[in-house]
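Those protein sequence lines, which keep their order, are chains A and B.
Counting with this note's numbering, you get residues 268 to 689 for the letters of the first sequence.
Counting with this note's numbering, you get residues 152 to 271 for the letters of the second sequence.
Read the hints as simulated data drawn from the structure, not as lab findings.
Don't take each hint at face value.
[As the list claims (entries may be wrong)] When the alpha-carbon atoms are kept at most 30 Å apart in a straight line, the in silico DSSO-like pairs for lysine-lysine are as follows:
(1) B:K187 <-> A:K428
(2) B:K236 <-> A:K627
(3) A:K655 <-> B:K236
(4) A:K657 <-> B:K169
[Unchecked claim] One side only, chain A facing chain B, incomplete, derived with CB under 8 Å:
(5) N295
(6) I319
(7) G322
(8) G422
(9) L447
(10) L465
(11) R467
(12) D475
(13) D477
(14) T513
(15) E514
(16) S597
(17) E598
(18) N634
[To be verified] For each label pair, taking beta carbons as the anchor points, the in silico distance ranges come out as:
(19) B:H199 <-> A:N621: 54 to 60 Å
(20) B:T185 <-> A:G647: 57 to 63 Å
(21) A:K627 <-> B:A167: 21 to 27 Å
All values reported here derive from a predicted model rather than from experimental measurement.
Note that the Cβ used here is the ideal one computed from N, Cα and C, for glycine as well.
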Amino acid sequence: MSKILNYDLVVVGGGPAGMAAALSAKDNGIPEENIIILERSDRLGGILEQCIHSGFGATYFGEMMSGPEYAQRFIDLVNETKIVVETDTMVLNLTDDNQVICSNKEDGIYAINAKAIVLAMGCRERPRGALDIAGSRPAGVMSAGAAQKYVNIDGYMPGHKVVILGSGDIGLIMARRMTLEGAKVECVCEVMPYSGGLQRNIVQCLEDFDIPLYLSCTVVEVHGKDRVTGVTIANVDEKMLPIAGTERYIECDTLLLSVGLIPENELSRQINLEMDPITRGPKVNEMRETSKRGVFACGNVLQVHDLVDFVTQESQIAGKGAAQYIKGASEPKYVTCKGINGVRYTVPQRIDINNQEEVKIYFRVANVYKDKRVVVTCGGKELWNRKKLKLAPGEMENVFIKPEDLAQMNEGDEIVVSIEEA
Amino acid sequence: MTERNLICIACPRGCAIKVTLDDNKEVVNIEGATCKNGEEYARNEVTHPMRNLTSTIKVTGGIANVAPVRTNGDIPKELLFDAMKVINQASVAAPVHVGDVVIENILNTGIDVIATNEIA
């Protein structure tokens, strides 16, 4: 170990989540020079750097901007403070006593003793290997995010005739981007009977350019030896198995995969944080504190978000929670939260009943629902009830728990979010 | 009278909007828009659709090959590909700053193309 440093707060990851958490910890009373952000890339900003499309900031700033512009707002704010930023620095290990082991070219391997840690490592794309597509391994098969980096950062077009598997937002955004740069996007195939992306992206990325979206359809074979020459697609049944006789061949030189994002939790698992099998992120309380005291998580490492605006808001909560913990927090008394009747998960998964503020519970649904009610109960008592014209898995929803309702709960009670008939 | 059902793209909320047009194709009613921008989007969409264009522009002498850019307002949808041609023929010298105007008044739309990231 080349050196051992001491900080109040170590933030792992310098994307929108990490920056917002660090700034919030400062605003909540942690001396700025006692906060450090560790970022493995050569600059702050995270994935926003390659998200050059517009649509960021509508909620948080009330204006529309591109990803890099949104990131720059926070980079400027961080640079105005004495918050310490270490780029090109990789966190290798976390220890049970809140030591962060990291490495970079100048310092080699070193350690930081932290009073609190915020995990903000983001997520990564589900890779081809997770999909079981038959065929050889020619060049031209890549994730939508990899293509996004080629086009938007490197200025290089990775293909000319494109098929996209998966209708996640990055895939839809790349359908438009590559079309504008002169590629022919043949189609987007989605194995589910609905799109996983935002409605507005179906409109402005596919319909605007007459790109077909095939639902309940998947790629069953990739053709080509050195380079992709085409793919075979087929419709799938309700068990998502290909239906014989529906196969058709589409000539293309590129297959983009936009098949989901997975929170990047290697570090969380090292310290045995209790994980949520649905979100694939740590289980947290309302301040985004994990099962280990003093360790917080926010942004896409906790749950994959649709909008960076919500990442910012969530990370401000985590930063505040970390600040409160550092200053000395009382022992929590938890009630648990769970989703039923089509509510796949909730974040947070538990709430301290001593909390004095309104708590926002985020959730996602398992299917497309029309004209339903979202109902929140605790011990049979109804706490929230709202009519919803439409609920979809691609759009994160939320409900609020009032502090006066929390005050009436007992440790161990269960808050239940469910979808009911309207 | 005709009706058009739209999904608003003005912000990520994606409101469902119903626009009613009379026989002269004049907008007589807009239903479902939850903000001013949504109403404007709906009105434009049934008369002359407008879009924000984002792309990249070639950078010379910088640490990166390209810089991200966007139109600083919406341009007519039918001009998107023509605007791409103009952007792809242009280049800008580093350093580039957020908000720098890299192309003025693109295709005489009155809209500028601005840089959206810092390229040293």
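Hints not upheld, ascending by number: 1, 2, 3, 5, 13, 14, 15, 16, 17, 18 and 20
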